[in-house]
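*Asks:* Since the structure of chain R is provided, determine the placement of chain Y on it from the hints.
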Amino acid sequence: MDLTGEVRLAADRETVWRALNDPEILKQAIPGCESVEKLSDTEFTAKVVLKIGPMKATFSGKGTLGDLNPPNGYTISGEGQGGVAGFGKGSAKVELSDDAGQTVLRYTAAAQVGGKIAQLGARLIDATAKKLADQFFVKFAEVVNGKPAG
Amino acid sequence: MYDFTYARVSSVADAAKQLKGDDDAKAVAGGMTLIPTLKLRLAKPSALVDLGGVKDLAGIKVDGKTVTIGAMTTHGAVAASAEVKKAIPALAHLAAHIGDPAVRNRGTIGGSVANNDPAADYPAGVLALGATIVTNERQIAADDFFKGMFETALKPGELITAISFPVPEKAAYMKFPNPASRYAMVGVFVAKTAGGVRVAVTGAAPSVFRQKDMEAALTKKWAPDAIEGIKQKQDGLNSDIHASAEYRAHLVGVMAKRAVQAAG
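Protein sequences, first through last, are from chains R and Y.
Under the numbering used here, residues 1 to 150 are what the first sequence spells out, in order.
Under the numbering used here, residues 1 to 264 are what the second sequence spells out, in order.
Just chain R, with the same shape it has in the complex:
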């Protein structure tokens, strides 16, 4: 499944680019993210609690940044293990462009899940992925635009 979307940010491209590379900001924006630890400039580990209706699973995983093209975009990808729940992996290609003093962020994301959570939650995966992507970019925009996170 592919997801695409666009958000407009009231900040210049350089600021948005820095935010996209800041583990602290990513942690605030990733839904259910409990921790992000930077291993290198392009690698990090994360712990994310995914809650869908009655299900709740903690995923531990590793993320990498590739196709770096500062300050225009990158590909962020990650994969994680959720214990008995299953596993998930996904990536998003992020592109930044200027528009009237603001920055437009476009993304194309793909996600895959496997294991029990995929068997049982098959009917929910697309909707969940879309919701999580929306939440991420709304939150990211809030943090970058300097609105109180909450």
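Quick caveat, the hints were computed from the structure, so don't treat them as lab data.
There may be inaccurate statements among the hints.
Below, simulated BS3-like cross-link-like pairs (lysine-lysine); rule was C-alpha separation at most 27 Å, straight line [said to hold, decoys possible]:
1) R:K27 / Y:K147
2) R:K130 / Y:K155
3) Y:K44 / R:K89
4) Y:K20 / Y:K170
5) Y:K65 / R:K131
6) Y:K85 / R:K56
*Replies:* Relative to chain R, chain Y alone:
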């Protein structure tokens, strides 16, 4: 077996207290969703607060123009109730077609509505009839209650105690059930109420929603052919191995027409 505590409480206040003190505690009503989830290890609550022992939560009351159903009333009890069949036959019909007999004898209206599964039947009835959700803290209108996939206006520790349905002039529910689970691939509840015509769709999108174009058309003319040309948009509809968004969008029109026909 996971280690969790189990508490069978005797009052709603007691249940709310236990749930508020512990973020990982879960209330269990009929357990038709929660227990399979636990068996599959897809959730690990610290405590289960069983509402089965709370008196006064189950039962049906008909008072003039309102049918009030206690949160712990099973689907089977609603389906078999002579009072519900008389006042809102569409609601009894809905309850009679949820899952299978085992689910109907355990599952409850409060549990179904609080869980807000995208394909559950009750949310369509609650939204189309403009019901009021009564909790231990307040009363919530159906239009303000369903927030998204598995999301409701309920706060942590807030429990549904009853749902109160105004008796409509006409109403019917039609669904295209998944042949295995009997969950609605698409279900449409239409109602002609004192507050106007309301059409609620479940199973098609991540959450139950009102089909306003059909409501407008049915307000002008209450007949199946009034909604003939209205196309449900595919944007945002669910697509999975059972049905594509296109197929579901088509089913919304078909089920809506059948429901209007059945409502008479």
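*Asks:* Enumerate the violated hints, using their earlier numbering and listing them in ascending order.
*Replies:* 4, 5 and 6
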